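If you use the working numbering, the sequence shown corresponds to residues -9 to 158, in order.
Hints in this document: simulated from the structure, not taken from any laboratory.
Among these hints, one or two may not hold up.
Restraint ranges, calculated between C-beta atoms of paired labels, are given here [what the hints assert, rightly or not]: (1) G118 / N7: 14 to 20 angstroms; (2) R(-6) / D105: 29 to 35 angstroms; (3) A19 / D113: 55 to 61 angstroms; (4) K(-7) / D81: 20 to 26 angstroms; (5) A72 / R155: 27 to 33 angstroms.
Everything numeric in this text was worked out from a predicted model, so none of it was measured.
Think of the CB as a built atom: it goes at the ideal place given N, C-alpha and C, for glycine as much as any other residue.
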Amino acid sequence: MLKRALLDAAWEELRENGFHAMTMAGVAARAGAAKSVVYRRWPDKAAVVHAVVRDRVPRLGRVEITGELRRDALAVLDQLSATLRGLCLMDDADPVLAQRLRRAAGDEAVALLTDAVTAYGCDAATVGRHVIRVPVDLLAHAPADEQTPTLDQLVDDIFLPLVDRHRG
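Taking the hints into account, I'd like the entire structure generated from these sequences.
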C-alpha cells in the first residue's frame, strides 16, 4: 500500500515537474511519507523513475489479436504510442535505458503486428518484416516538430494497403 502511494506520488511529481525538478522530498510530501521512506526503497530519483516507468508505462503484450487487421493494428499502435509517451519521461533520467526500452517496445509491436497479419490471413513472410515495420517506425521516429499522421491515417492510408497487396 505504501509502495503504491509512493509510485503514484512519484508519477505525479515526474509528470508535473520533469526529471530535473523532481525531488525525493516532493515525492515523499505527495505520498504523505517521510523522505527517509522513499530513500529506503530507492537510492536516488533515477531509481524512482525506473520503478515508476516499469509500473506505469503500458505494456504491449496485453493487446489481443482478433483477426480483424484494422482493429488489431490500431490497438497495437495505440499501446505503442502510449508506451513511447511514457518513455519520454525517462529521457532525462536515463536516456540509454529509455532508448533501449523504445527499441524493445518497437520490436514487440512488430511481433504483434506480424501475428495480426497472420490472423488476417496473410503470410507474414510474404508481406515482409519491412512492410510490417512501417507504421511502427513512422510512429517511433516522427519528428516532434512536425505534424504526425493519426493512428487511423497510419493504418488506413499506409499499413492496410501495403498488407492487402500481399493478401491471397
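**Request:** For the range 27 to 33 angstroms, tell me whether the beta carbons of A72 and R155 fit it or not.
**Result:** 29 angstroms, holds
**Asked** Can the suggested window of 29 to 35 angstroms be confirmed for the beta-carbon pair R(-6) and D105?
**Response** With Cβ atoms ~33 angstroms apart, the hint holds.
**Message:** Between the beta carbons of K(-7) and D81, is the distance compatible with 20 to 26 angstroms?
**Reply:** Since the Cβ atoms of K(-7) and D81 sit about 25 angstroms apart, the hinted range of 20 to 26 angstroms holds.
**Asked** Per the hint of 55 to 61 angstroms, is the separation of the Cβ atoms of A19 and D113 within bounds?
**Response** Since A19 and D113 have Cβ atoms about 57 angstroms apart, the given range 55 to 61 angstroms holds.
**Item:** C-beta pair G118, N7: status relative to the range 14 to 20 angstroms that was hinted
**Value:** 44 angstroms, violated
Consistency note: the structure conflicts with earlier hint 1 alone.
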